[in-house]
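Here's the letter readout for the chains.
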Amino acid sequence: MNLRKAFLLAGYIFALGLTGVYLVSCKNHSMKGMLIFTRIPVDRFNPDGDGLSHDFPGSGLMAVKPGEAGGPEINLTPGFYSACSPQISYDATHLLFAGQKNEQDPWQVWEMDLKHKTSKQITDFKESCFGPAYLPGGRLVFSREMPDTGTGTTHTLFTMNLDGSNLQQITFHPDDDYVSTILRDGRILMLSKQIFPEQGEIKYLAMRPNGTKAQLFYQGEKGTVPGFRVYETADEHIYFIERKTGKNKKRDIISIRYNRPLHSRVNYTAEISGNFYTVLPLPSGDMFVSYRPSDNQAIALYHFSGEKKSIGERLFGDSKYHILDPVLVEPYNRPRKLPDELNLTYPTGLIVCQNVNITSLPDTASSSTAKTTKIEVLGLDKSLGIVPVEDDGSFYLKVTADLPFRIRALDDHDRVLYGPSDWIWVRPFERRGCVGCHEDPELVPENVVPLAIKTWPVLIPVDTTQSLKNVQTFKVSDMK
Amino acid sequence: MRKKRLVYLGAIFVVIGLIIIPAHNLARKHVNYMTAVDDHPLDCISCHLYTQRDNFLAKIVNAPYLSPFNLAVSPDGSKLYVVAQEGNALLVVDNQSDQVTDKIPVGLQPHSVVINRDGNTAFVSNEWADNVYEIDLPSLKVTDTLITGNGPAGMVLSKDEKFLYVVDSYSNEVSIIDLNTKTEKKRLVAGNNPVGAALSPSGDLVYVTSRRILPRPYRAPISTEMTVIDAAKQRVIERKKFRDAYIMENVTFSPTGDLAVATLIRPKNLMPSIQVEQGWMMTYGMGIIEPGKNGRIFQLLTDEPNAYYSDPFDVVVTPDGKKAFISNSGVDVITVIDLNKVRKLLATSTPEMLKTYSDHLGISSRYVLKRIRTGANPKGMVLSPDGKHLYVTERLEDKVAVINTETLEIEKQIDLGGPGRVTVARKGRRLFNNSGHTFQNQYGCYTCHPDANEDGVVYNMAGVGMGRNLTNTLSLFDIGDTHPYKWNGHNQSVYKQDGMRFSTFLTRTEPFDYDQLDALVAYIITGIKNPPNLRYNPTGELTEIQKRGEKIFFRTHTNFGKEIPINNRCYICHPPPHFTNRKLENVGTLAETDDSIPFDTPDLIDLFAGGPYLHDGRAATLEEIWTKYGTEDRHGVINDLTKNQLNDLIEYLKSIRDSRYYPKDYHKILKELNK
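Protein chains in written order, with this note's numbering: chain U, 1 to 480; chain F, 1001 to 1675.
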């Protein structure tokens, strides 16, 4: 071999090497445009169960090309016993999911680098963590199982940096809370169900990422339960699955409008037999849906026409597996990063109610003309105090931060007129307002100065060893 | 030799380093101080070039925009007449070619245009010139100048076209111009800051809107006046009050006259500003009047529970009376209202229900047909004579949008020929006028600072507690040289004023990015001129009363010959040209609800247009500053003054105007007077 040939051969080998590197590199990038979903063995998951379905033992994350039915499926989590709830980062380079390395492990939150398909563990708790979602500013939010402290086991929302630092608890009520999505306005939409002292309805609450201003976003019709995951589209619609309770457990695709969520419900699949389990709206207006035509089939991935409200072709399915939670590996607009007004060194927060007599609740008192003259603030295990309301129905409280409480309305004879309310909390230095007590959520405050803010707030918990009269005295003396 | 060169080279690098590194550190310190953050880009141009005013550089970086504001259409629909507010011109647009065919120069800051029935005459109100131009349209010549009250704005012709009703927005009056004699026949008292006018279909009534609230006890619920004029008698016959509302910009009648519809804002300034959620700060809607005896007045919101449609400006009704269009200038949207559904709602609602609807965000779903997206800052609107097209000025786009009233789609945009480029200050003005940077679009800078002035109401900013630190909105006219900002003077620059804390406690959404902040600052520093004080000081020559008041303002001794301590003299804290020393002072105005702080000395330019006064707005008038709240001689020495002298002083205070409108030697005069 002469020198020339040797050079040519070396060049050839070098070019081959470059091509190989290039191809490998392409492969690393090839996740863009792919569809990732959760695959669950049919014998490990009962699709007709009543639970909130946030964890699926034995599940795994699979990736496929949407246009290639029957094409190769990539197992993204081969080293995991279970993996589910995939959430794509805004730039589509990473993926959050909940996973278990081994059957005995608690569920934890993991982040996968989609280029290299390597995963790093983010949370590390004794308790399980579920349903993560990205927050703007390099943070994430997830639901963590909390030990029973007398109110039953609850699931509470936490935020932290993506490197696992700066953990913050953001919900403080005895409810099961799960992250449904991050709204484009920057708030967390969470699925919440009261579990103490009695079981409550399941509803969506919207809340700022620092745990402030939690308020009702959507509650379904009686006899329906909204599903775990929600998708908001650019045209200000929100899609989710709603399940009927009772004997008929039909699951339908529902949309509501962001602008008026409580009164804009549209059922896309009322006329379609079979059940829907998850929905992924596409920019075209169509959707990818997890659908089971009949009870003896596995849940498979289908195309769904939003315009015609009809089920389309079956995209992916396997009789041995249910397919849930499809997500597309595509960049999407980051929600707004909301500012944080909290001062965590403050021990209290403030809450003002404009007029406790404004309520949409039916009268529960013996006399419908009875007027609320006092409110009682109820803690988890005791009364936190009785506070007189002003003549205009307003009250103004300074409440220990991050302490769950409920409010009920009393008349002059300490009879309960209505309530208690849902659980409320205020965060350190949060200032929060209510128009009324369990009022119509679409009602805005009247433009008047509430009498209650002309004085200092009543501290909650009040010293409950004092009589009501002393409570009033406290208010005046505090003012001076 | 070579070694020497290396030494020289090294020395040069050292010297350069010694200069650059400290200079960089100094620049970093300076930018950090001005912006109150430590990561604002070190970009000298963004602060020092784009904020230039009234000089050669300013002319280069800025551009002469047209800013179309209101418009009219010719009776045959062939031409549009567009008021270019910044261009000081009336633009004639050919509706076939979509071209501006003529540009007629008019007076300063033109506001509105009306066309007579034969289409031969246009009237253009010049808000900063206190007159109306009469224009002969065939020849495109200004044929007469009609003198009005102060700040002529909206106009309407009487049915017989013998009289022109001109709303004097600054002097709170309506001038009735006799078009035969071309003179003002009558001047009627209107509401506070009236602007829009409409004639009922029968020609019997003229409705006049107003923007600012009526006087009322401190912190009591607000209301705004709709003035009703009997067109035959040319007298005010009723002053209808819209409770809890203000900034009523415009009003129109349905063709049958069964309804009058006005745009309005329902602020929540009396509630503590603690959240935006659930309409806690601002809501927007329409005021509806059933004209005639026992006619009801009520308000309906056009917002939705999670979406607000801010700063409604104009309203028009189609010839069939079925649809109304409202321009929501803060969100670049035209809201389409189904008026028959409104009528149905009214027919089936009790007064209690209607009261609830005025604060109900869900009710709009019953009558809002569509939201049509437009270009930046839609303002005035007019329908084609056949009602098939709606023309909308896009003020900060220099365009007119043409909307098909059947399909409710934009058919085209007519380019009025403004500068093609968007300057930094223009970008800032768009941000200022847009509510997109507030949570759920609930309000923009413009909402509380209409026309960059102030909205005349006091907000409970709830700094720490909820009933504390009440804040009177401050004007943003020409504030470039009057830092620090905020009543507590905590903000050394507009950068800080509109930075992170602004988003945390006011807009409650993601803050402006630095490009946006730079643009907003550029607009606020360069683009907001004080209007001329034509009402109290039209020429710079003071009246005798004002001169007497001026002497009191600059006096050094009391009536009894006692020397006034230097720090208690008016002109020491309020020196010209801006009439502020830009320092924090305690003049005894601290209220029980205030934290114990001194206040930034406000400037006194165009005081007459403001009110209420003091940091918490508790003084309804200038007189009340001393007669009710400053009786201890800490806010200047006043107790020795006679009633007439106090009146003189106040007349002088009202005459103070922007120095740019003074004769060049004014400062010399002041200096002499001071001696």
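Careful: at least some of the hints might be erroneous.
What the hints assert, rightly or not - In silico BS3-like cross-links for lysine-lysine, where the CA-CA straight-line distance does not exceed 30 angstroms:
1) Lys454/U x Lys1355/F
2) Lys1486/F x Lys1529/F
3) Lys65/U x Lys308/U
4) Lys1388/F x Lys1079/F
5) Lys1547/F x Lys1427/F
6) Lys1551/F x Lys1654/F
7) Lys1529/F x Lys1562/F
8) Lys337/U x Lys203/U
9) Lys1388/F x Lys1355/F
10) Lys1293/F x Lys337/U
11) Lys1293/F x Lys1388/F
12) Lys1293/F x Lys1322/F
13) Lys32/U x Lys101/U
14) Lys454/U x Lys1486/F
15) Lys1529/F x Lys309/U
16) Lys1341/F x Lys1322/F
17) Lys101/U x Lys65/U
18) Lys115/U x Lys65/U
19) Lys337/U x Lys1029/F
20) Lys1322/F x Lys371/U
21) Lys1388/F x Lys454/U
22) Lys1240/F x Lys1159/F
23) Lys117/U x Lys32/U
24) Lys1628/F x Lys308/U
25) Lys1486/F x Lys398/U
26) Lys5/U x Lys101/U
27) Lys320/U x Lys309/U
28) Lys374/U x Lys1355/F
29) Lys1551/F x Lys337/U
30) Lys1486/F x Lys1628/F
31) Lys1341/F x Lys1370/F
32) Lys203/U x Lys382/U
33) Lys398/U x Lys382/U
34) Lys1322/F x Lys454/U
35) Lys1293/F x Lys1186/F
36) Lys320/U x Lys374/U
Stated by the list, open to error - Below, a sample of chain U positions facing chain F; criterion: calculated Cβ distance under 10 angstroms:
37) Gly285
38) Asp286
39) Tyr332
40) Asp422
In case anyone wonders, no lab produced these hints; they're calculated from the structure. Here a beta-carbon is modelled for each residue, glycine too, at the ideal position from N, C-alpha and C.
| For this structure, which hints from the list above don't hold up? | 5, 7, 9, 10, 11, 15, 20, 21, 24, 26, 29, 34, 36, 37, 38, 39, 40
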